[in-house]
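Respectively, the protein sequence lines represent chains A and B.
Numbering-wise, the first sequence is residues 152 to 638 according to the numbering used here.
Numbering-wise, the second sequence is residues 152 to 638 according to the numbering used here.
Source of the hints: derived by calculation from the structure; they are not laboratory data.
Take these hints with a grain of salt, some might be off.
As the list makes no split between identical chains, a pair holds if one copy fits it or if it spans any two.
Unchecked claim - The calculated lysine to aspartate or glutamate pairs, modelled on EDC-like cross-linking and capped at a C-alpha distance of 16 Å, are:
| # | residue 1 | residue 2 |
| --- | --- | --- |
| 1 | K307 | E154 |
| 2 | K574 | D219 |
| 3 | K574 | D216 |
| 4 | K563 | D579 |
| 5 | K310 | D579 |
| 6 | K221 | D504 |
| 7 | K571 | D216 |
| 8 | K574 | D449 |
| 9 | K574 | E564 |
| 10 | K221 | D465 |
| 11 | K571 | D449 |
| 12 | K563 | D351 |
Protein chains: 2
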Amino acid sequence: MFEAVELGQKVGKRAFKEAVAELRTRLVHAQFASTSHPGPILIVVAGLDGAGKGELLNFLGGVLDLRDVKVCTFWNETDEERERPFWWRFWRALPNRGQIAILFGAWYTRWIHLRTDGRIDPSEFERQLRRVAQFEQMLANDGATVLKFWLHITHKTQKRRLKKLKGRLDHDDALSRALWHSQHYDGIVAAAEQMIRRTDRAHARWQLVEATQARHAKLTVLRAITETLEGLKPPRPAAPATPSAPVAPVLQGVDLEQRLEPDAYRQRLAAAQAEIERVVWQAYDQRVSSVVIFEGWDAAGKGGSIRRLVDAMDMRLVQVRSIAAPTDEERDHHYLWRFWRHLPRAGYVTLYDRSWYGRVLVERVEGFATPDDWRRAYEEINEFEEQLTEAGVVVVKLWLHLSPEEQLRRFKEREQVPWKQHKLTEEDWRNREQWSAYEDAANEMVLRTSTSHAPWHLVPADDKRLARVRVVETYAAAMRARLSSST
Amino acid sequence: MFEAVELGQKVGKRAFKEAVAELRTRLVHAQFASTSHPGPILIVVAGLDGAGKGELLNFLGGVLDLRDVKVCTFWNETDEERERPFWWRFWRALPNRGQIAILFGAWYTRWIHLRTDGRIDPSEFERQLRRVAQFEQMLANDGATVLKFWLHITHKTQKRRLKKLKGRLDHDDALSRALWHSQHYDGIVAAAEQMIRRTDRAHARWQLVEATQARHAKLTVLRAITETLEGLKPPRPAAPATPSAPVAPVLQGVDLEQRLEPDAYRQRLAAAQAEIERVVWQAYDQRVSSVVIFEGWDAAGKGGSIRRLVDAMDMRLVQVRSIAAPTDEERDHHYLWRFWRHLPRAGYVTLYDRSWYGRVLVERVEGFATPDDWRRAYEEINEFEEQLTEAGVVVVKLWLHLSPEEQLRRFKEREQVPWKQHKLTEEDWRNREQWSAYEDAANEMVLRTSTSHAPWHLVPADDKRLARVRVVETYAAAMRARLSSST
Chain A
152 MFEAVELGQK
162 VGKRAFKEAV
172 AELRTRLVHA
182 QFASTSHPGP
192 ILIVVAGLDG
202 AGKGELLNFL
212 GGVLDLRDVK
222 VCTFWNETDE
232 ERERPFWWRF
242 WRALPNRGQI
252 AILFGAWYTR
262 WIHLRTDGRI
272 DPSEFERQLR
282 RVAQFEQMLA
292 NDGATVLKFW
302 LHITHKTQKR
312 RLKKLKGRLD
322 HDDALSRALW
332 HSQHYDGIVA
342 AAEQMIRRTD
352 RAHARWQLVE
362 ATQARHAKLT
372 VLRAITETLE
382 GLKPPRPAAP
392 ATPSAPVAPV
402 LQGVDLEQRL
412 EPDAYRQRLA
422 AAQAEIERVV
432 WQAYDQRVSS
442 VVIFEGWDAA
452 GKGGSIRRLV
462 DAMDMRLVQV
472 RSIAAPTDEE
482 RDHHYLWRFW
492 RHLPRAGYVT
502 LYDRSWYGRV
512 LVERVEGFAT
522 PDDWRRAYEE
532 INEFEEQLTE
542 AGVVVVKLWL
552 HLSPEEQLRR
562 FKEREQVPWK
572 QHKLTEEDWR
582 NREQWSAYED
592 AANEMVLRTS
602 TSHAPWHLVP
612 ADDKRLARVR
622 VVETYAAAMR
632 ARLSSST
Chain B
152 MFEAVELGQK
162 VGKRAFKEAV
172 AELRTRLVHA
182 QFASTSHPGP
192 ILIVVAGLDG
202 AGKGELLNFL
212 GGVLDLRDVK
222 VCTFWNETDE
232 ERERPFWWRF
242 WRALPNRGQI
252 AILFGAWYTR
262 WIHLRTDGRI
272 DPSEFERQLR
282 RVAQFEQMLA
292 NDGATVLKFW
302 LHITHKTQKR
312 RLKKLKGRLD
322 HDDALSRALW
332 HSQHYDGIVA
342 AAEQMIRRTD
352 RAHARWQLVE
362 ATQARHAKLT
372 VLRAITETLE
382 GLKPPRPAAP
392 ATPSAPVAPV
402 LQGVDLEQRL
412 EPDAYRQRLA
422 AAQAEIERVV
432 WQAYDQRVSS
442 VVIFEGWDAA
452 GKGGSIRRLV
462 DAMDMRLVQV
472 RSIAAPTDEE
482 RDHHYLWRFW
492 RHLPRAGYVT
502 LYDRSWYGRV
512 LVERVEGFAT
522 PDDWRRAYEE
532 INEFEEQLTE
542 AGVVVVKLWL
552 HLSPEEQLRR
562 FKEREQVPWK
572 QHKLTEEDWR
582 NREQWSAYED
592 AANEMVLRTS
602 TSHAPWHLVP
612 ADDKRLARVR
622 VVETYAAAMR
632 ARLSSST
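Produce the complete structure using the sequences and hints provided.
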């Protein structure tokens with residue numbers, strides 16, 4: 152693959168200067184226009200050691216209007232980053248719609264290193280590349296423009312540059328890193344080739360850049376960026392997602408007749424809470440986070456269940472997040488961004504009163520998301536939760552299920568009892584009219600997103616005592632399973 | 152001071168239960184109503200070791216609706232926090248308007264520890280307490296409600312509890328911490344008394360709570376919180392700030408006649424840029440951050456100056472931030488919050504195209520801030536910059552000064568030249584009509600915020616070459632001074 156760019160292409164000094172002057176003017180305009188583009192613009196700069204990535208970056212910095220540009224390197228991992236899933240740092244780096252981010256190495260460098268070192272095997276490498284491709288696909292579906300440059304040089308060129316370095320480098324670190332790269336040239340190139348093949352997609356093209364001559368490389372990249380910005384159009388709708396087939400009514404399987412007597416309730420609740428009290432500190436010590444999602448019908452008792460769970464936890468370790476309409480910063484990003492940004496550090500518990508499933512529930516039913524948006528969301532959410540569980544986070548998903556009759560009874564009760572009135576809004580009544588649309592959405596959600604790593608727990612909630620005990624016991628069981636497996 | 156709460160107050164089990172039941176209902180209402188309050192609600196829980204702060208916190212967690220509550224402990228400092236000024240972590244913890252944050256120890260614990268240990272002397276302790284008081288004052292002026300509880304027990308009680316602990320504690324850490332507290336009881340109480348006296352203000356009252364009996368302590372705190380939330384009113388306007396006295400026209404002192412010839416320009420620019428290139432990496436190695444602020448008239452050449460400065464820096468170390476209208480999340484906090492949130496980690500450079508000085512420039516002139524708001528801002532900004540410089544950040548503030556005649560010439564040029572047209576907006580013409588109001592604002596800003604740790608540099612900008620050279624040289628000199636002083 153790389154032979155194709157080992158051509159010895161060169162640009163004369165004067166031609167370079169003229170071309171840059173012309174492109175720069177065009178770029179100013181194009182960048183200004185792009186600020187109103189409905190998606191972010193991501194420029195990935197990667198390539199072989201010694202190919203001049205840093206120099207290229209500084210060149211780009213010299214021609215772009217930097218007021219809407221974010222430059223992100225990922226050298227310098229903080230412990231806040233290490234204590235969260237690998238992808239957190241990239242979500243954190245994503246720019247607003249209409250802004251440019253230049254990502255140095257981006258989500259590529261790590262996998263090439265690990266593969267070259269033999270620290271991951273070919274199938275793990277493939278799996279990670281698949282994930283990279285999905286991530287870029289997901290961003291592109293959301294309107295992002297993804298431009299990727301790989302700077303290539305021959306081993307001979309690399310060695311020559313390394314020799315020059317040796318005289319100058321004062322950092323031992325930098326030198327030994329450069330040596331590592333030279334010694335592993337073939338392995339790196341092989342890994343890079345595989346990586347490029349697997350992640351070169353119509354919506355996120357790699358451009359191989361011959362970097363033997365800096366002027367040539369700079370000009371190539373500058374031209375590509377300028378032309379891309381000039382060619383920005385409102386994103387074409389992504390290929391339509393497959394319309395949903397009829398969905399099995401899984402929720403009908405929930406037995407809403409069950410009841411729990413007060414004595415049994417108190418006993419089981421106390422036992423589970425006692426276990427949780429212990430387990431939460433144990434999880435803190437072992438740096439195991441957990442995420443608990445509460446979804447379900449209005450008035451299904453989410454608040455009361457959250458209360459019973461929290462009562463068993465040390466307040467210093469738990470956070471309750473109530474998910475309402477997104478802020479404007481959140482709307483300025485992919486819808487999953489608002490959930491990534493608040494992921495807790497290792498060892499803590501976060502409870503979500505409603506969650507990212509809003510995309511396939513309320514946003515679907517109310518038409519806030521297009522059918523393509525929410526149909527794609529199942530996969531995006533599964534991927535998100537897989538990343539969480541791979542990072543060691545326990546994901547517990549609870550659907551509190553209610554019969555329409557019981558909901559009506561509770562609504563009426565809320566109307567009557569003065570201190571419950573604020574819990575009942577016009578919107579609740581409107582939602583109730585859409586019962587069957589919500590039921591379809593919930594059925595499909597459970598079917599498509601109940602995975603082995605993050606299954607849905609359907610909690611019968613017509614009886615409040617039973618619901619609360621189930622919630623607390625489900626969490627205790629999930630934590631018990633996780634903590635015993637890790638010891 | 153603390154004898155006043157060594158009374159042996161107790162609450163019976165039954166009275167406790169009844170009182171909590173009653174308060175809880177009132178609290179539900181009051182908390183719901185408080186979500187539309189125009190300021191955040193901050194509850195500081197501090198006190199002696201063994202006084203039951205953790206237990207109290209969990210009790211509060213059990214009665215509050217946790218969906219609008221943030222619980223923040225500051226045990227567990229991350230490196231991202233350590234690499235920024237001390238106050239960053241607290242700004243980061245501040246809740247939105249209408250939300251509650253419970254802050255465990257908050258900004259108090261550290262200073263009591265350092266003072267007790269003798270690691271800071273009395274005058275430094277006083278200085279930090281003054282800063283705490285100012286911080287709370289500033290939040291209160293912005294509408295925040297600040298409630299502070301200090302849990303007190305006698306040394307005898309503390310020793311008794313410690314004895315009990317000894318049998319149970321499995322962590323050596325926790326035990327040795329508790330021992331330290333017991334051995335330093337008198338010193339801690341003395342420091343706490345001084346601290347409480349210095350920071351007990353009408354807008355941020357300390358409540359001393361006798362914590363010998365847990366029920367009494369819990370009830371006292373719960374009652375205080377409930378009553379405070381019930382009594383929330385739209386914040387009374389703070390005492391009006393002193394109206395400004397006439398201000399000396401400092402900007403008139405800038406000599407706008409100076410010119411720089413092309414040859415001298417190229418030479419001096421190149422020399423300063425070469426120095427900066429080196430210095431920026433040196434600062435990175437030494438973890439010295441710098442912040443450069445560009446303010447000045449429209450068309451004064453801020454963009455071109457930023458460009459010359461950035462050209463000399465490695466793109467991986469610098470960030471350019473353009474300050475426009477705040478987002479809704481930003482409006483939901485004190486106006487300085489948006490600047491605190493983006494403070495870079497140690498070793499990096501941030502350039503601000505416009506800055507926090509918007510408060511006393513555009514917001515003053517256009518009436519977006521009330522006279523009291525912007526008059527208070529001088530002090531708030533000075534305090535902010537003092538905290539930056541104390542944390543080792545180099546703060547360089549540049550005012551690019553222009554004559555109205557030269558501005559007019561540039562506006563007209565922008566109208567003519569096609570690729571400059573986008574730089575000229577209706578707003579620029581409107582601002583120009585307000586020239587003298589802006590001039591007054593700029594004069595007062597320079598007078599009140601040019602401090603020894605962060606002086607204003609007035610850059611004559613009628614000649615672009617001179618302005619650019621001055622900007623670049625000023626930054627180089629500031630860095631040179633800082634880096635040589637630290638070696």
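Discussion item. My question is about K307 and E154: at a cut-off of 16 Å on alpha-carbon distance, are they close within one copy, between copies, both, or neither?
Written reply: within (13 Å within a copy, 81 Å between copies)
Worksheet item: When no copy is specified for K563 and D579, does a C-alpha distance of 16 Å or less occur within a copy, between copies, both, or neither?
Response: within (12 Å within a copy, 58 Å between copies)
Worksheet item: Between K221 and D465, at a C-alpha cutoff of 16 Å, which is it: within one copy, between copies, both, or neither?
Response: between (39 Å within a copy, 13 Å between copies)
Discussion item. One pair to classify: K574 and D219, alpha carbons no more than 16 Å apart. Within, between, both, or neither?
Written reply: between (43 Å within a copy, 15 Å between copies)
Worksheet item: For the identical chains here, do K221 and D504 meet the 16 Å Cα criterion within one copy, between copies, both, or neither?
Response: Answer is between: at 14 Å across copies they meet the 16 Å cutoff, but 33 Å inside does not.
Discussion item. Reference check for the pair K574 and E564, CA-CA at most 16 Å: within, between, both, or neither?
Written reply: Within one copy, since 11 Å is at most 16 Å while 61 Å is not.
Fill in: K563 and D351: within-copy, between-copy, both or neither at 16 Å Cα
neither (57 Å within a copy, 48 Å between copies)
Worksheet entry | Intra- versus inter-subunit Cα pairing at 16 Å for K571 with D449 | within (14 Å within a copy, 55 Å between copies)
Discussion item. One pair to classify: K571 and D216, alpha carbons no more than 16 Å apart. Within, between, both, or neither?
Written reply: between (54 Å within a copy, 13 Å between copies)
Practice prompt. Can you give me the call for K574 and D449, within, between, both or neither, at a CA distance of at most 16 Å?
Written response: within (10 Å within a copy, 51 Å between copies)
Worksheet entry | Intra/inter-copy verdict for K310 and D579 if alpha-carbon distance must be at most 16 Å | neither (69 Å within a copy, 54 Å between copies)
Discussion item. With identical chains, the pair K574 and D216 could be close in the same copy or across copies; at 16 Å between alpha carbons, which is it: within, between, both, or neither?
Written reply: Classified as between; 12 Å across copies, 49 Å inside a copy.
In this structure, the hints that do not hold are numbers 5 and 12, in rising order.
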